[in-house]
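Trainee: So the sequences go chain by chain: A and B.
With the working numbering, you'll find the first sequence wraps up at 1020, consecutive numbering, no jumps.
With the working numbering, you'll find the second sequence wraps up at 1020, consecutive numbering, no jumps.
Any given hint could be a false lead.
[As the list claims (entries may be wrong)] Straight-line Cα separation of at most 30 Å, BS3-like style, residue types lysine-lysine; simulated pairs:
#1 A:K617 x B:K617
#2 B:K617 x B:K916
#3 A:K916 x A:K928
#4 B:K601 x B:K711
#5 A:K617 x A:K965
#6 B:K601 x B:K916
#7 B:K733 x A:K733
#8 B:K617 x B:K711
#9 A:K733 x B:K617
[What the hints assert, rightly or not] If the Cβ cut is set under 7 Å, some of the chain A residues that face chain B in the computed set are:
#10 K617
#11 T650
#12 H660
#13 Q663
#14 M672
#15 D784
#16 E790
#17 R794
Honestly, the hints are just simulated from the structure, not real lab data.
The C-beta atom is built at its ideal place from N, Cα and C for all residues, glycine as well.
These are the residues of each chain, in order.
2 protein chains.
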Amino acid sequence: MEHRREALYEKGPVRPAHPAEKKVKPMPPPLKDVVIVGAGFAGLSAAKELAAAPVTVTIIDRQNHHLFQPLLYQVATAALTPAEIAMPIRHILQRQRNAEVLMDRVVGVDTKAQSVTTESGRAVPYDALVLATGARHSYFGKDQWAQHAPGLKTLSDAFGLREKILMAFENAEMVVEDDPEAAGRFQTFVVVGGGPTGVEMAGAIAELAHSVMRDFRRIDEARNRIILLEGGPRVLPAFTEDLSARARRDLGDLGVEVRTDTMVTDIAAGRVTTDQGEIAAETIVWAAGVQASPAGEWLGIPATNNGHVEVDATLRPAGFENIYVIGDTALHRTGGSALPGTAPVAKQMGTYVGRRLSKLARGEAPPHEFRYSDAGALATIGRNRAVADIFGLKVKGFAGWLLWGAAHIYFLIGFRNRLFVMLHWMWLYLTWQRGVRLIMHRDTEDEDKAP
Amino acid sequence: MEHRREALYEKGPVRPAHPAEKKVKPMPPPLKDVVIVGAGFAGLSAAKELAAAPVTVTIIDRQNHHLFQPLLYQVATAALTPAEIAMPIRHILQRQRNAEVLMDRVVGVDTKAQSVTTESGRAVPYDALVLATGARHSYFGKDQWAQHAPGLKTLSDAFGLREKILMAFENAEMVVEDDPEAAGRFQTFVVVGGGPTGVEMAGAIAELAHSVMRDFRRIDEARNRIILLEGGPRVLPAFTEDLSARARRDLGDLGVEVRTDTMVTDIAAGRVTTDQGEIAAETIVWAAGVQASPAGEWLGIPATNNGHVEVDATLRPAGFENIYVIGDTALHRTGGSALPGTAPVAKQMGTYVGRRLSKLARGEAPPHEFRYSDAGALATIGRNRAVADIFGLKVKGFAGWLLWGAAHIYFLIGFRNRLFVMLHWMWLYLTWQRGVRLIMHRDTEDEDKAP
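Work out the full structure: start from the sequences and follow the hints.
Mentor: Right, here's the structure in full:
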């Protein structure tokens, strides 16, 4: 049984002809099967760039959907629904006839046999391999913090956090008259990390907290506390000092306490300890660090502390002719400094590799080195404030927010999502409502009949 | 600790004044605290009707949201998102100052002490109690069928089914070349029960199956089978024969095999056995019977086989002065025949009880007996077909579908939901896309870093 399965992807007479192959004229071998692992921004961009190339593209992901991670925090704060920021990979590649999607999980790479091994026991052969496997949060070795301070990388992370935040208000309402201290813990939200994710998350929680208050009868809005902790001297360290200061002021206006120069030393249930003292909080969100996926291990090469694989100017790790590592998994240095793990970097890397492989497959000269074109950075703070530093232009406040919204909607893959996200946001803006405040886990736990 | 919690809801000096109570002039006791268990159509209607009454309304539900169950099958078939058919109960009752929402689970009723006991250890006192706890599926004593043939009552039921249906296609695509028989099982969908739920579900699965086919490369649409099984001689037995026949023809046009006079005798993994033979199918949906919630047990009175509590013309079970049972939990006979478990029945019962309690609280004469006003019945079959029998008018085909859509959108609670459902449907109609085809469970299972 198992060997028959593998035959599906093995070369030789057993292998079924792919529809795309019939149209393509037979080419002298070098490059025919391109395998891309991961359908994030990097992997998808590479796949799309290969649409017209004389190759077969197999894209492997253990999820069936591409996720627009930059807006994940909006799902966690009940502003958007999952379907608005996610789309089935098959659907995105529906019209690309040379692309095939495999929903499976990669467990290793056999670089000698040139094949990728998956959890279901397949061996998917490649002539060129693109690893675009992304990153997860990193707790700097304190993995025991993870259970108390979840991060935000997948839809289920976002669901879990949404549930935790919404249940915090339910719980506070329930105990406030008997145990005001416990209620205070439920009404306190700590976000660890003052980068764009942390800033956006803190602003969004502050707004959510404000907007749900009307629905409760007993708890007091004045007791809501949203605290943003940052180890360095200012939030958004990648931005200019001016924009950092503006972001801090905007956060303050929303009711977020920003504490810079504050190092977290311990996290336990209901409590964050810092070098400045202790904070009692039931909801703690981790936005302080990421860890690349184990692509380095698969290749048997050393990775950095954060699991990144260092790549050269053509996005290949040293010593590999036909393997590319891109997106959040890659460490690419330009003039000494590493490129950040952002969506624009991932997209541009994917496009570069796709173009390079297209050229190679056609027997043409490959493009020159990868060069990142930095359009700038954007971060939003709540409902109508943002800071943006785009093409050297610094924009703040409402204008920044409009720019931020436009940029994100523009980058959302798929017209449906763009349309609905836009409508949904307009709606939220006009009404201050959060439509997606559903707590769903409870009916998973017990399936019996009582409400 | 526990006794302090209870104090919250106990009468006497400890009990905090409710905001609404300050405005209301003190009344001579009989009816002050109304407790409603369950925030479905029945419970919410009762609560809303009590908005202007001199009472405190406490509505208890273990979910935080009201669910528009008639459209749940559209979440299961990836046409709507959960947020479009669910809304936080607190939000619905936000402006009703005499209403309080308690997210907790009822475990019993102490009719002597006149209080409701909850899972978290509370005792919520009542002067009048309204039980509107709904129903779950019933397998006629074959509970072991449940795991293979899930029904559809909650959001998590709908999630589970959506995932099962979408994964069926993924699995079929994976195995079709090695094991066509297994692929056939994955491409076969059986719906048990030919009432409105079963008919709507079968039509929706047929459409979903058709629309996802474009995204797959290997499986063949001609091998998709959607089979609807009905024990009686026709589908939609509550409709006229004419409309039944039309529904059957419409289902046939969508590619659904309708098998009437077919009794299911056994259900196991991957297999349904009927008195007419066996069907190999990985996805089996149960739409054949419901079982009321255990309200009868709480009251210590005998319920019917299906757990229904028989009520009199004022919707009270015999022997209870101040307890009402309404909605799917109640068995109410009019002229010998029982009212069906539908949303209109539940709403009208809720409104009646709310009005009755309002009058009693004001010391006025209560209204006459409950009388159900039957507006008719509606069922949709796929994208632009429906059968409707409304106010004696029989409507079929596209006109029926428009009527069906209008009626459902009209009844959706909350303007946001109405607007978005309408936009979403227009979008689906224009594009034949299913936007919500997300498989989410996989990232709950394993939290590590590989994609």
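Trainee: Work down the list of hints and note, for each, if the structure agrees.
Mentor: Hints, verified against the model:
no.	hint	result
1	A:K617 x B:K617	violated (53 Å)
2	B:K617 x B:K916	holds (11 Å)
3	A:K916 x A:K928	holds (18 Å)
4	B:K601 x B:K711	violated (44 Å)
5	A:K617 x A:K965	violated (34 Å)
6	B:K601 x B:K916	holds (23 Å)
7	B:K733 x A:K733	holds (26 Å)
8	B:K617 x B:K711	violated (39 Å)
9	A:K733 x B:K617	holds (29 Å)
10	K617	violated (16 Å)
11	T650	holds (5 Å)
12	H660	holds (6 Å)
13	Q663	holds (5 Å)
14	M672	holds (5 Å)
15	D784	holds (4 Å)
16	E790	violated (14 Å)
17	R794	violated (21 Å)
In the structure shown, a violation is registered for the earlier hints numbered 1, 4, 5, 8, 10, 16 and 17, in ascending order.
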